[in-house]
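There are 2 protein chains.
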Amino acid sequence: MPAKIPADSVGLVTPQTVFFSAPLKLECGRELPGYSLTYETYGTLNAQRSNAILLCHALSGDHHAAGYHTMDDRKPGWWEHLLGPGKAMNTNKFFFICANFIGSCKGSTGPASINPETGTPWGLDFPMVTVRDWVRTQADLADHLGIAQWAAVVGGSLGGMQVMQWTMDYPERLRHAVVIAAASKLTAQNIAFNEVCRQAIMTDPDFHGGRYYAHNTKPRRGLSLARMIGHITYLSDNAMRTKFGRDTRGGKAFSFGFDVDFEVESYLRYQGSSFVERFDANSYLYITKALDYFDPANAFGGNLAEAFASTQAAFLVISFSSDWRFSPERSREIVQALYTCNRDVSYAEIEAEHGHDSFLMPIPQYVAVLSAYLGRVAEEVGV
Amino acid sequence: MPAKIPADSVGLVTPQTVFFSAPLKLECGRELPGYSLTYETYGTLNAQRSNAILLCHALSGDHHAAGYHTMDDRKPGWWEHLLGPGKAMNTNKFFFICANFIGSCKGSTGPASINPETGTPWGLDFPMVTVRDWVRTQADLADHLGIAQWAAVVGGSLGGMQVMQWTMDYPERLRHAVVIAAASKLTAQNIAFNEVCRQAIMTDPDFHGGRYYAHNTKPRRGLSLARMIGHITYLSDNAMRTKFGRDTRGGKAFSFGFDVDFEVESYLRYQGSSFVERFDANSYLYITKALDYFDPANAFGGNLAEAFASTQAAFLVISFSSDWRFSPERSREIVQALYTCNRDVSYAEIEAEHGHDSFLMPIPQYVAVLSAYLGRVAEEVGV
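Chains E and L, in that order, give the protein sequences.
Under full-length UniProt numbering, think of the first position of the first sequence as 1, with each following residue one higher.
Under full-length UniProt numbering, think of the first position of the second sequence as 1, with each following residue one higher.
Hints should not be assumed to be uniformly reliable.
Said to hold, decoys possible - In silico BS3-like cross-links for lysine-lysine, where the CA-CA straight-line distance does not exceed 25 Å:
id : chain 1 : residue 1 : chain 2 : residue 2
1  : E       : 25        : L       : 252
2  : E       : 4         : E       : 75
3  : L       : 75        : L       : 243
4  : L       : 243       : E       : 252
5  : L       : 25        : L       : 75
6  : L       : 4         : L       : 75
7  : E       : 243       : E       : 75
8  : E       : 25        : E       : 75
9  : E       : 252       : E       : 25
10 : L       : 25        : L       : 185
11 : E       : 243       : L       : 25
12 : L       : 106       : L       : 25
13 : E       : 106       : E       : 25
14 : L       : 252       : E       : 185
15 : L       : 252       : E       : 252
16 : E       : 185       : L       : 4
No wet-lab data here; the hints were simulated from the structure.
These figures come from a predicted structure and were not determined experimentally.
Generate coordinates for the entire structure from the input sequences, incorporating the hints supplied.
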């Protein structure tokens, strides 16, 4: 981190963990015997408890959305550019909460946690969790914190799916829904990429049927491949061209061998191997499955407008022009469905070169849209 | 195969193999001490030897472009739809030759062949081969068959790259160049996908540094993953949607486990595992590297028009609207470069839903364009 914490950062933050001891009935039909949620908060809850905003994270994200854990941290939270005093998500106005979802591996209960019945890590005995289950646990957290209604629920990518689920499952508990770079369901191509990632992990001999914890190893090769595949889909073709082109590493001539020739190869190998150090392979499996299963229109014969019919929130939907993982077309489907059922909806399609990753970046037009929208929310709730 | 060979098929064909005993100097600087080419021919070479057309195959293709090897064959050659008596590539008019390229595994010399110096398979000791090397070996084959000039050289995808290289390296030896669904170089994204495929193979514990032949095994997991990734990039998002949508296998409910839920998962797993039975993993490595390295403009400071300046052939360039592996934009770059240096060039952008795989399919507009063009070539060479 910088020698001095920047003035527009939330600064040092400390994650908290809450344990819910009541059994949690899951969408898959199984029960989780209690669960922990690890979360962070930024800003101050006002006396009316009207200024709370829930942030929902994406596949490889976590509860650490902004600030630093220690003065030695190399990097701040994942939404540092957008979240802080005076920023688009303004901690001078709002009280933000971000919780790691269950099934993940950053503090909340997941497949690497201890199964109380066996005293060993759950592994693949962990029950399947879904976007709907995550929203349910976030509602438990809201109850725990005494927040009856969110001023807004905000999320990008898989986070945006949680936002949509919130509007359907707890219509009266959020005033605004900000759905960024998301989709109402995965395409066959999205599912195909997820499946290849899962196969990479599950066919790694070090996977041991998900019991690799007991073997003091992990499926490094498989998880690394999964991350490499993911990275290709997060960046646009153009962004890769701009970033790497066909540059060879260090400007060297072709090796005519199988070592790294091109910069992009070097980048991917690094992304793959560093991810293995910070993410649990089983969590990757569970979370990609939750992505595949998400399809709220399915219960309405595929009619997304009907799925949204019971919602009460006002919506802001944002997409990015070069995002081919969840393209603007996917966001427009959401917007169209909301129009059809007469919801209050604003839509911004941001010109951006960075592909799906754009939702993490301080792109001026994106910052302006988010800032203006949340500014109006602040007025509405009187902060 | 059908009980009776269809009248418009070339019927039963027998591959031939020719050995070239002279050492082959390769672009990488190393020498191959002689090499074999396995090839097939269809139709009859005329007395003037003016009606020969060379077909260049793609990554996982081979010399078996049309017809059947035995009456028990389940499938004909890969261009059966387009190649045969009276078809777009008309064997009543032309004499077609298709040769498996070196580095592959279908009969021509490659990493699974025996290294005469050691008496064991080459593995990764096989020298790197390039598109330029392939064209050189095809010129050797033309000499062997007494063909001074091709009426045309035709290829799709990686085959189209060979066609372009032919026009540059042997300008006087072909009258027409038909470049289908190709690109003058890979993008960073293309290279990235290839690199993930290579990493999948090379990190498979059964890879044994490429010496898996000696261990009586093969990197099945890695090669299968590579093929799954490849398949996603061969099909368009729309084609996948049309073919699979979000259909579950057998219309079943979600499993809430890690078995196959969706049809697309089942399809990919099948594609992966069946490929392992018919393709050598080391060949996959070598061929993807040849793809990555191909960039004829590089020797001209990136100016593709200059690379084409010395060519003499007339060009037909064909692309497919939904191809995102080698998009129409890539083909238009080729066409633009050819215009710039005043080559005779025709361009057709075919509306097609099937992505990169379109070049293998009998899409009516595609068949019509190819048929009309080669019809004029037939008149030109007097057949």
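Hint-by-hint comparison with the structure:
1. 25/E / 252/L: 22 Å, holds
2. 4/E / 75/E: 13 Å, holds
3. 75/L / 243/L: Holds, at roughly 21 Å.
4. 243/L / 252/E: 44 Å, violated
5. 25/L / 75/L: Violated, at roughly 37 Å.
6. 4/L / 75/L: 13 Å, holds
7. 243/E / 75/E: 21 Å, holds
8. 25/E / 75/E: Measuring from Cα to Cα gives roughly 37 Å; hence the hint is violated.
9. 252/E / 25/E: Outside the cut-off at roughly 57 Å; violated.
10. 25/L / 185/L: 23 Å, holds
11. 243/E / 25/L: 35 Å, violated
12. 106/L / 25/L: Holds - the C-alpha atoms of residue 25/L and residue 106/L are around 22 Å apart, at most 25 Å.
13. 106/E / 25/E: 22 Å, holds
14. 252/L / 185/E: It holds: about 18 Å lies between the C-alpha atoms, which stays within 25 Å.
15. 252/L / 252/E: Status violated; Cα separation ~53 Å.
16. 185/E / 4/L: 46 Å, violated
The structure fails to meet hints 4, 5, 8, 9, 11, 15, 16 from the earlier list, while all remaining hints are met.
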